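Asks: Sequences and hints are given; from them, build the entire structure.
These protein sequences, in sequence, are chains V and S.
Positions in the first sequence are counted from 1; adding 58 to them yields this note's numbering.
Positions in the second sequence are counted from 1; adding 42 to them yields this note's numbering.
If you are wondering where the hints come from, they were derived from the structure by calculation, not from laboratory data.
Fair warning: there could be bad hints in the mix.
Short, incomplete list of chain V residues facing chain S, as computed with Cβ under 8 Å [what the hints assert, rightly or not]:
#1 PRO97
#2 HIS100
#3 SER160
List of simulated lysine to any residue pairs, SDA-like, C-alpha gap at most 20 Å [unchecked claim]:
#4 S:LYS99 <-> V:LEU156
#5 S:LYS112 <-> S:THR155
#6 V:LYS114 <-> S:ASN144
Computed from a prediction, not measured in an experiment: that's the story for all the values here.
Built from N, CA and C at the ideal position, the CB exists for glycine as well.
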Amino acid sequence: GQQVMQIPQYQHVQEGEDFTTYCNSSTTLSNIQWYKQRPGGHPVFLIQLVKSGEVKKQKRLTFQFGEAKKNSSLHITATQTTDVGTYFCLMDTGRRALTFGSGTRLQVQP
Amino acid sequence: DGGITQSPKYLFRKEGQNVTLSCEQNLNHDAMYWYRQDPGQGLRLIYYSQIVNDFQKGDIAEGYSVSREKKESFPLTVTSAQKNPTAFYLCASSPGQPGSYNEQFFGPGTRLTVL
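Replies: Listed below in structure tokens is the structure:
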């Protein structure tokens with residue numbers, strides 16, 4: 059079956075520092091989605107990546123999909139306290155199998 | 043005002059009792075999902091439904107049951123057979139079928155505590 063991994067589990071940064079979380083799959087993905095969950099809240103969709111090597115940006119957030127479509131990353135430049143939360147990837151193998159990564163919890167120190 | 047509603051927000055039950063969590067959506071979405079989230083953990087899929095009167099087991103279906111009699115509604119029953127039911131339960135919906143490149147929209151969740 060599909061093996062998935064999301065790292066790191068937790069990261070504490072000073073405001074203004076950068077942050078990156080990574081998702082890796084043992085199988086090729088048809089697409090990957092990223093979600094953010096604020097403390098006490100529910101996951102909210104951020105973006106979807108479909109093409110090999112795709113890079114998308116949303117203000118300070120940069121999302122990448124690997125060339126082999128087995129890994130992805132979310133990078134935040136110059137973190138702010140509003141970035142606090144847990145970031146999840148949702149991996150889709152295209153065979154109606156959807157698996158969430160375990161999440162990376164981001165804490166930002168003002 | 044479209045969205046997904048879950049009720050109640052907090053639920054307390056005694057051990058050995060079945061409990062049903064409500065999930066309603068007015069987004070006209072075909073697919074609906076139930077996830078369980080434990081503290082500091084990711085989301086694990088319990089059940090999903092692609093169409094009315096049809097549903098599929100997810101990764102951790104044991105001790106749970108669902109129904110999909112209406113497109114808008116996908117209630118989850120946590121039975122007494124579920125060994126560790128205390129958790130945060132999230133319902134989601136998406137406009138297409140699972141695996142069809144559609145984002146999922148989540149409800150606010152129900153925090154179930156079994157005493």
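Asks: Take the hints in turn and mark each one as holding or not.
Replies: So, going through the hints one by one against the coordinates:
1. PRO97: This interface hint is violated because 12 Å lies over the 8 Å limit.
2. HIS100: Given a least distance of 4 Å, the restraint on HIS100 (chain V) holds.
3. SER160: holds, 4 Å
4. S:LYS99 <-> V:LEU156: holds, 12 Å
5. S:LYS112 <-> S:THR155: violated, 28 Å
6. V:LYS114 <-> S:ASN144: holds, 17 Å
Of the hints listed earlier, those the structure fails to meet are numbers 1, 5, in rising order.
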